[in-house]
Amino acid sequence: MKPNFPAVESSLLPRDPTTLEALPPKQQPGYYPGFSTLSQSAFWDDATRQVVDTRVKQPPSRKFFSPEAWAFWTAVFAHLVPQTDRTPDRQIPLVPMLDDRLAANRTVGYRFEDMPQDRVVYEIGIDAINREAEHRHGGEFLVLSSRHRDEVLKAIEQGTPEAAPEIWKKMSVKRFWQIIMTDAIDAYYAHPWAWDEIGFGGPAYPRAYTRLERGEPEPWEVEEKRYDWLPPVTAVSGEVDGTDTDDQSHHGSGGTH
Amino acid sequence: MKEPLLGAFKAPKDGKHMLGALQSIHLPMRRFKDDEEVDYAIVGVGSAGGVLLQRLARAGFNVVGLEAGPFWDTERDWVSDEAGSHNLYWTEPRVTGGSDPLALGANNCGKGVGGGSVHWASFTPRLHPSDFEVYTRDGVGVDWPIDYADIKPYYEQLELEMPVAGPAYYPWGHPHGYAYGPHPMGGVGNALIKGCTALNIPVSIGGPVAILSGSHGDRPHCIYRGFCIQGCKVGAKASTLITHVPDALRKGAEIRDLCMVWRIELGKDGRVRGVHYFDGKGESHFQRAKAVILCGYAIETPRLLLNSACSRHENGLANSSGVLGHYLMAQAGNVIMGRFDQPVRMYKAPPAHALTEEFYETDPKNDFARGYAIQTVGPLPQAFGKQMLASKRAWGWGLRREMMDYNHWAAFGLLGEILPWDDNRVTLAEDKDRFGLRVAHVNFNLRDNDKKLIKAGKEKTKQVMQAAGATEIVQEGRYAHLVGGCRMGSDSRSSVVDKFGRSHDVANLFVCDGSLFPTQGSANPGLTIQALAARTADYLISQGDRIFTSNDRDMTNPPIRPELAPPETWGKGVPRLK
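From first to last, the protein sequence lines stand for chains A and B.
Per this note's numbering, numbering of the first sequence is gapless, rising by one per residue and ending at 257.
Per this note's numbering, numbering of the second sequence is gapless, rising by one per residue and ending at 578.
So here's chain B without its partners, still in its complex pose:
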């Protein structure tokens, strides 16, 4: 059979804007007038920006999201192809350096509506209770200004809004279960189960991942095609593009895509007046706003604040502490690859489908603080080729030979906690981008604790791979995720924003993205970023107009507002959890 039964698959031609295989929205959306003052201008419609936009619109605020990248139509713009997915990533120029320079771009930065949640592998573990007090417990890093109890209801809520598939009982951190069933195993997951089981290490099977294991509204279940990080055309993998943006637009939010915010303007009263941005044609505009929320992630948010320096804020806007851009973190993301005699075909199934957090916490037997997780990954051919180059120095005929064995390899990802260090930071480089704006320079150095942790994590992961039956094991050094750079804290001398993401210096300026994290644990940050966004939204909503008029700072925790979740995700539909 060479043809599909119902003919070749064609994209819908009726002008619908597709968000996954079945879900569509009707454009045009609301458009605020150029000179209109909105309540909230949100800079960056990614993991956090998408959730905030939805919540604030549903609560009745006038809100506009300014997004540097395009508003994706998933059927027309995305492809099942590595090389064709280049434009999902933030590929504007940046400079990276230090003793252990970070790869940026496709590794950890998104562009376009949905941001990084478009190309995340979508592992969604929660942080552990210990993550919020690593300084108190271990004397390293810093404590968060909130604790696990503060964020727990938001974890529960976002796990339903995405929703997350996973086991009914998840044993690590604060034990919990998932309402949507776990996914079937692919070859890599089976290797992880076999290796962990042989070594008596508990392993979580089939999640937690923000990928549908059963259909949900207009979103079909996963078809195991393996192109998760090239953007899920199916609409099974959660991204805010398909989980929150449709509801935001229905409730009157505006998204202005291809708009690059380049400066935040401060008024004489010390409050933010709005943002300057370049539109898709390169023309400059000013959007007035009663309050501004930055959701540009751990590099672009600090860069924008640094580029917004002005009198009274000479070292960058909202930087009286001097820590803006500092304490940037990435997680150790070494990939350990094992060759098996029997074929694996690791391109099938989502890259993310099994993990263990057995080594997450500080273990007094170790010579380092904190820990790591071990997760499945599933590199496709281009990525695997570069891994063979890095791990086996393969080139020429050696590369051709290794690649012919692609189907015999399985890959595990180490996810290790690297601590926050003052000199791991974002500054402005001399290089300029196409708008003439100074680009970010990222400095990254590992310290002793980080190196010891990575060494131990690599060894453990290799042991698991060996126990799984691999006959050859190699590894590639790399890093995953980015957080920190605008960390939250109670002390305005050592943090950029307070526990709700509000600038210590400017009362109507907020940060809400991964840059808030004071420490990072060894959980993938996506779920926590969205949970913090929902919490910030509840705070803003509970404060009402006071955000727009007053410099007073009410630090009372807001009540959770589950009724503001997108329809059919909370208290309705299946599962019916309250």
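Bound conformation, chain A alone:
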């Protein structure tokens, strides 16, 4: 199933910081023009090639969500990891990966005691977000403008939703945000197009990496070419906050000890 994205208005596109004009969507955003991990797949082992190939060519079709829930979460995830800077043919399917996970009831291997099961989280989460949308902007999430959708999600990100207290009694706002963001991140950054965007070399067995120091590219990688950009004028998610919060991430795997 192909993800269904609406046609893009310029107010939803990242901007040039000098002219403040919308930047046209690209096949490959990021600072590594021409870099393609998939072009190297002949150098990967069979099993890896198969897993990545399937991910690119056959995103899972809907099995768990109702059509309404699928449409709802597709709209939410388009704000958690927005992709309007990508041409429609190069947008990365996010909700299909989530749906596949929930259909198989695949979890991280634990639930926090202040959280329901993941399937329940994605069920009552719809109501929680819609109630917040009604409260703030007088309509369900799907009828709101892009700006207002961002604002509803920002309230949850900040841990300050004002509606649906009885739902938030059943699940921690903070952990709800971690779960939906984790699913969005897991889907987006598992895709080789995202690897190309951030300059990650990807699989390297059996070939090996040979230039380990000073951030040097392999002969088949490319040098970074940076450009400046501003988030879309309608977005409120452009800011980050690196204050030491001691927040624990919801993950456990990557590159750790």
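Treat each hint with caution, since some may be false.
Which chain A residues face chain B? A few, computed with CB under 7 Å, are given here [what the hints assert, rightly or not]:
(1) Trp168
(2) Met181
(3) Trp193
(4) Ser237
The list that follows gives simulated cross-link-like pairs (lysine-lysine, DSS-like), each with its CA atoms no further than 27 Å apart [what the hints assert, rightly or not]:
(5) Lys290/B / Lys33/B
(6) Lys455/B / Lys194/B
(7) Lys26/A / Lys225/A
(8) Lys365/B / Lys452/B
(9) Lys174/A / Lys451/B
(10) Lys16/B / Lys251/B
(11) Lys63/A / Lys225/A
(12) Lys455/B / Lys174/A
(13) Lys251/B / Lys63/A
(14) Lys174/A / Lys281/B
(15) Lys432/B / Lys169/A
(16) Lys13/B / Lys251/B
(17) Lys432/B / Lys170/A
(18) Lys57/A / Lys10/B
(19) Lys63/A / Lys33/B
(20) Lys13/B / Lys57/A
(21) Lys460/B / Lys365/B
(22) Lys194/B / Lys174/A
(23) Lys458/B / Lys174/A
(24) Lys432/B / Lys194/B
From the derived model, a few chain A residues whose C-beta atoms are all more than 12 Å from chain B [as the list claims (entries may be wrong)]:
(25) Gln40
(26) Thr48
(27) Arg111
(28) Glu218
In case anyone wonders, no lab produced these hints; they're calculated from the structure.
Cβ coordinates follow ideal geometry from the N, Cα and C atoms, glycine included.
Knowing the structure of chain A, use the given hints to seat chain B on it.
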């Protein structure tokens, strides 16, 4: 050039079971009959279970390893891909809570033959002599029932069996050297060296890690592809799957994979009769055994004992002390990330390749006891995204922007000692798993000493990152490793097992995994777990049939049996150390 010179790489098609790029074994293996009584049933074939299986098989015992996960073929089952490696981890349901709840699953729990050693980053520092007597020295935690001299020969032996690569002179704890040479530096290691050097902090370069820096038998050297914790397809990183299991099978051990042990059965004589397990089809079986060794790690071993409660053991099997499941520990594992103007590309090289233990010991100048280490880590994109979420509250366009700078970041891991506390514990939750068994509930709270230690460790690590030249520094709170829960001790009122891992209550029931640790130091636990397994094996072998027939408890230390090591690792081959 878009194609490899010798054509696209294909997995071998001849039905060989691959354990790394070159090593293979021929199956089927030995299969004991269903009603046959084996000498030892080992529950969990991970870091400790793999070593025990190998030693006991080599010594001639009939031994079967029951493993809940699959028997991996590394060429077919493993991939160079974060998302595709989900099944390496213990992802059966659990509940986590307390004031500082632990992430479980991929963070610290393995599933499948090799267990956690399949996805460890494979830092292999030893514990320090001080770790065995923290109560005597500092009045905190508890002393171990063994001391450094007891475990030292096993450290030396396992460092060759894995083998460990590292510097020729390692200055901390009991100073020692490594026989296999250190690894070259990646970008993160260079940052750690630069930061430490600027602050006059000694740093260990290129190890100690259980990753081959030169080829060893049928195992090729490291190719620096960075996917260590997704399982090493190369076979360069040690896991018991490739270091000990092949020898165990050649010597007649059986591994029954996809078999979930759910209950230990006690006979009328108060001795264990065997274990009940579900096979891959969900059918229940009973394996009779003269003795049982639990190697399910710090959560599943206590859970199994709690789920095996019976009359005379109402609070859990082997729990007359009441401390079963208690004193669970994780280490502080905060990740400190620094952004550099120049690219780093931290996905290259093993995540584990340099560290400092300069702050490991208690320092009277501090307002806390014990200490911490600082190590390299190398998160891949999915993990890094979640770290940007946790450390910078990045989402939406902010997340996309931060991630485009992935190649400019380096990450250091704090590894800090958290003390054993009575209320950090494993109990049974009301939730049930797919077999209808109650799942584990894990409670975890930090205490004052832990919080002060973490604060100081974070500050020091940030200073090192700054001295390395980072222009922006952020951090993510997390924990690493799991130990404790069935701690060993001399006093049966305050510990679950004795110094050989034998239950104080049931004479033919043993525990051998990370749950034995009374305290944990700030060394990664993998090497110590395997060293304790080799020591327990020597004890069992020296006791012979008495384990199967007698309730007497001989506390004499066994002689070390280096000749039971896998071939070409001890006294033969290179290096030829005796």
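Hints, verified against the model:
1. Using the Cβ-Cβ criterion of 7 Å, the hint placing Trp168/A at the interface with chain B is not satisfied: the shortest such distance is roughly 18 Å.
2. At about 5 Å, the closest approach between the beta carbon of Met181/A and any beta carbon in chain B falls short of 7 Å, and the interface hint on this residue holds.
3. Of the supplied interface hints, the one on Trp193/A is violated, with its beta-carbon coming no nearer than about 12 Å to a beta-carbon of chain B, more than 7 Å.
4. The interface hint given for Ser237/A is met, as the beta carbon of that residue sits about 2 Å from the closest beta carbon of chain B, less than 7 Å.
5. Distance restraint check for Lys290/B and Lys33/B: the Cα-Cα separation of roughly 15 Å lies within the 27 Å cut-off, and the hinted pair is therefore satisfied.
6. Under the criterion of a C-alpha separation no larger than 27 Å, the hint pairing Lys455/B with Lys194/B is consistent with the structure, at around 23 Å.
7. Of the supplied pair hints, the one linking Lys26/A and Lys225/A holds, its CA atoms being roughly 15 Å apart against a limit of 27 Å.
8. Using a Cα cut-off of 27 Å, the hinted pair Lys365/B and Lys452/B holds, with the two alpha carbons roughly 13 Å apart.
9. At most 27 Å may separate the alpha-carbon atoms for a hinted pair to count; Lys174/A and Lys451/B meet this at roughly 22 Å.
10. Distance restraint check for Lys16/B and Lys251/B: the Cα-Cα separation of roughly 19 Å lies within the 27 Å cut-off, and the hinted pair is therefore satisfied.
11. The suggested pairing of Lys63/A with Lys225/A is violated, with an alpha-carbon distance near 41 Å, which exceeds 27 Å.
12. Proposed proximity of Lys455/B and Lys174/A is supported: the alpha carbons are some 23 Å apart, at most 27 Å.
13. For the suggested pair Lys251/B and Lys63/A, the alpha carbons sit about 47 Å apart, so the restraint of at most 27 Å is broken.
14. The straight-line distance between the Cα atoms of Lys174/A and Lys281/B is roughly 39 Å, outside the 27 Å bound, and the hint therefore fails.
15. A hinted pair counts as satisfied when its Cα atoms are at most 27 Å apart, and Lys432/B with Lys169/A qualifies at roughly 23 Å.
16. Our distance criterion of 27 Å between C-alpha atoms is met by Lys13/B and Lys251/B, whose separation comes to about 26 Å.
17. Using a Cα cut-off of 27 Å, the hinted pair Lys432/B and Lys170/A holds, with the two alpha carbons roughly 20 Å apart.
18. A hinted pair counts as satisfied when its Cα atoms are at most 27 Å apart, and Lys57/A with Lys10/B qualifies at roughly 21 Å.
19. Taken as a hint, the Lys63/A and Lys33/B pair is broken in the structure, with Cα atoms around 42 Å apart against an allowance of 27 Å.
20. The hinted pair formed by Lys13/B and Lys57/A meets the criterion: a straight-line CA distance of about 25 Å does not exceed 27 Å.
21. Restraint check: the Cα-Cα separation between Lys460/B and Lys365/B comes to about 14 Å, which is no more than 27 Å; the hinted pair holds.
22. With a C-alpha separation of about 37 Å, the suggested pair Lys194/B and Lys174/A falls outside the 27 Å cut-off, and the hint is violated.
23. The suggested pairing of Lys458/B with Lys174/A holds, with an alpha-carbon distance near 23 Å, which does not exceed 27 Å.
24. Taken as a hint, the Lys432/B and Lys194/B pair is broken in the structure, with Cα atoms around 50 Å apart against an allowance of 27 Å.
25. A beta-carbon of chain B is positioned within 12 Å of the beta-carbon of Gln40/A; the least distance is around 8 Å.
26. The beta carbon of Thr48/A is not kept farther than 12 Å from every beta carbon of chain B, the shortest such distance being approximately 4 Å.
27. The claim that Arg111/A is not at the interface with chain B is violated, since a C-beta of that chain comes within 12 Å of its own (minimum 6 Å).
28. At roughly 9 Å from the closest C-beta of chain B, the C-beta of Glu218/A falls inside 12 Å, breaking its exclusion from the interface.
Of the hints listed earlier, those the structure fails to meet are numbers 1, 3, 11, 13, 14, 19, 22, 24, 25, 26, 27, 28, in rising order.
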